[in-house]
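S.K.: If you read the protein sequences in the order shown, they are chains A and B.
At the far end of the first sequence sits residue 244, using numbering that gives the first Met the number 0, and the numbering has no gaps.
At the far end of the second sequence sits residue 253, using numbering that gives the first Met the number 0, and the numbering has no gaps.
Check before you lean on any hint, since a few could be wrong.
[Unchecked claim] Derived Cβ-Cβ restraints for the label pairs, each shown as a range:
#1 A:Ala118 x B:Arg51: 55 to 65 Å
#2 B:Gly114 x A:Arg95: 24 to 34 Å
#3 B:Arg143 x A:Glu58: 53 to 63 Å
#4 A:Ala122 x B:Arg239: 14 to 24 Å
Simulated from the structure, these hints should not be mistaken for laboratory data.
All of these numbers come straight from a predicted model, not from anything done at the bench.
Using N, Cα and C, we set each Cβ at its ideal position, and we do this for glycine too.
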Amino acid sequence: MLELSGIGRRYRVGSGEVTALADIDLSFPTGSFTTLVGRSGCGKTTLLRILAGLERPSEGEIRRGGDGKLRTAVVFQEARLMPWLDVAGNVGFGLRGRVPRAEAAERCAATIELVGLSAFAGAMPAQLSGGMAQRVAIARALVQEPDLLLLDEPFAALDAFTRRTMQNELVSIWQRRRPTIVFVTHDVEEAVLLGERALEMQGGRIVGREAIALPYPRDPTDPEVNLHRRAILSRLMATPAPVPA
Amino acid sequence: MPRFTTIAVFAATLALWWLASRLGWVSPFLLPGPGTVAETMGELAASGELLRHTLVSLKRVLLGYLFAIAFAVPLALAFVLSRPLRATFEPLLEFLRQIPPLALMPLLMLWLGIGETQKVGIIILSCFFPIFLGVRGGFDSVDRKLIDVGTVCGFSRPEIMLRIVLPSALPAIVVGLRIGLGYSWRALVGAELIASSAGLGYLIVDAENLARTDIVLAGILVIGVLGLLADHLLRFAIRRSAPWLSGDLEMARA
Ligand SMILES: Nc1ncnc2c1ncn2[C@@H]1O[C@H](COP(=O)(O)OP(=O)(O)O)[C@@H](O)[C@H]1O
Ligand SMILES: [Mg+2]
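Whenever a hint applies, use it, and build me the whole structure from the sequences.
M.R.: Spelled out as C-alpha cells, the structure:
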C-alpha cells in the first residue's frame with residue numbers, strides 16, 4: 000500500500016508562487032492499476048515525481064507500506080536515453096552492478112524482444128525514431144521488474160498501432176507480475192482502457208474518481224468503455240479550467 | 000570517395016605549385032618549386048637538423064599542453080563545484096581570456112627570459128582557456144533529466160557522477176582538448192619565431208634571414224603535417240575510446 004495524505008506542492012516562480020498540487024489524499028493498493036487523467040498543466044507530472052521520490056512535497060506525508068524498499072521504475076514523458084549507450088546498454092542501465100551480468104543480459108534481451116526492438120539492440124539512440132526511443136525507455140523500466148511502476152504519458156509519442164500494442168502488453172505484464180502501476184495520461188480513452196480506476200485531476204487537485212470494473216483486454220469501441228469515457232469527460236469539462244494566477 | 004577527393008585536391012595544389020615555378024610565373028627565389036623544397040627537406044632530414052628542431056618543438060608543445068591540462072581541469076572542476084568561487088573569479092578570468100597570449104610575449108620574455116620556461120609558458124597560456132571552458136561547459140550542461148533516471152534507479156552520488164555526469168560532460172571536454180591542442184601548436188611556432196635558438200619556428204626565421212625560401216617552405220610543410228598528425232592521433236584515440244563522440248568532434252575544428 001502506498002499512501003499520500005495532505006500532499007501539496009508549491010513552486011516559486013519569479014516573485015510569486017504556483018500551486019502545482021493541493022490537498023492530495025490518495026492510496027494505491029499493492030498491485031493496483033491506477034490511471035491519472037487531466038489536461039496539461041494540472042499537476043500530473045508533479046504528483047508522479049513525488050511518488051517517484053524525485054521531488055519533495057511542500058506539505059503532507061507519503062507512507063510506503065510493506066517491508067523494505069519499494070523497487071520503483073519510472074517511464075518519463077520523454078525517453079531520456081543515455082546517448083553514449085546503445086539500446087541494450089540503455090535497457091540494462093539500472094541493472095548493472097545490481098544483477099549478475101549473465102542474468103542481466105538475459106533479462107535485457109527478453110525485454111527488448113517484448114518491445115519489438117530485437118533488431119535494434121545494437122543501435123544508438125540517435126538512430127532511433129521518437130517512438131522507438133520511448134519503447135527503449137519502457138523496456139528500461141520493465142526490465143527492473145519493479146514493485147511500483149510509474150508512467151508519465153508513455154505512449155503519447157507512439158503511432159496509434161504501436162500504442163495499442165504497447166497498451167495491451169502493459170496490461171498483460173501487469174496481470175502476470177502485479178506491480179502497482181500509476182499511469183498518467185491526458186487521453187481519457189487511454190485512462191479507461193487501462194486502469195482499474197481513473198483519477199481525474201484539475202488545478203492540482205483530484206476532482207473525480209471513476210471505478211472501471213471491465214475485463215481486460217478492453218475494446219475502445221465497447222459501449223461500456225464509452226460510458227466511462229463520457230462520465231469522466233463530462234466531469235472534467237464541467238469544472239472550468241483554472242484561471243492562471 | 001571523400002578520400003579520393005582529398006588526394007585529388009592535394010595533388011592539384013601541388014601541380015599548380017609545380018607549374019607556377021616551372022613556367023616562371025613567380026621568381027624561384029620567392030617560391031622555389033616542389034622539387035627544390037623536397038630536396039632541401041631531404042638534406043635537412045639527412046643531416047639530422049630537421050629531427051632535432053622537430054623534437055625540440057614537440058617537447059615544448061607536449062610539456063605546455065600537459066601543464067595546461069593539469070591547471071585547467073582542477074580549476075574548472077572547482078568552478079563547477081563551488082558557486083562562490085565561480086562568482087568571485089569569473090570576471091577576472093573573463094578579462095584574462097580576452098588577451099591574446101602572444102600579446103603577453105614581451106612580458107613573459109622579461110619575466111622568464113627566452114628559454115624553455117617562456118616557451119612552455121606561452122603554450123600553457125594559449126591552450127588553458129579552451130581546455131578550461133570545455134571542462135566547465137561540459138559539467139555545466141549535464142542534462143538534469145538524465146540524472147533523474149539515475150536517481151530513480153537508486154544510484155549513489157558517485158555512481159551518478161561516474162555513469163551519467165562524466166559521460167555527459169565528455170563531448171565538451173574533448174572539444175576543448177582538441178581546440179587546445181591546435182592553439183598550443185600555433186602559439187609555439189609564434190613564440191619560436193620571435194625569440195629562440197631551436198625549434199621549427201626558429202628554423203623558419205633563421206632561413207628567412209639567410210634568404211633560404213626553400214628551407215622556410217620545408218619548415219612550414221613539416222609544421223602543417225605535424226599539426227594534422229597530432230589532431231588525427233587525438234581523434235583516433237577518442238574514436239576508439241568513445242565512438243559516440245564522432246559527431247561532436249567536428250565542432251572542434253578551430
Ligand atoms: N519546476 C517547476 N517550477 C515551477 N513551476 C512548475 C515546476 N514544475 C511544474 N510547475 C508548474 O506546476 C503545474 C503543474 O505542472 P505539471 O505537473 O508538469 O503538469 P502536467 O504534467 O499535468 O502537465 C504547472 O502550472 C507548471 O507550470
Ligand atoms: Mg506532464
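S.K.: Does each hint fit the structure? Answer for all of them.
M.R.: Results of checking the hints against the structure:
Taking 55 to 65 Å as the suggested C-beta distance range, the pair A:Ala118 and B:Arg51 conforms, at roughly 57 Å. One distance hint, 24 to 34 Å for the beta-carbon pair B:Gly114 and A:Arg95, is violated here, with the actual separation near 51 Å. The hinted range of 53 to 63 Å is not satisfied by B:Arg143 and A:Glu58, whose Cβ atoms lie roughly 24 Å apart. In this structure the supplied range 14 to 24 Å holds for A:Ala122 paired with B:Arg239, their Cβ-Cβ distance being about 20 Å.
Consistency note: the structure conflicts with the earlier hints numbered 2 and 3.
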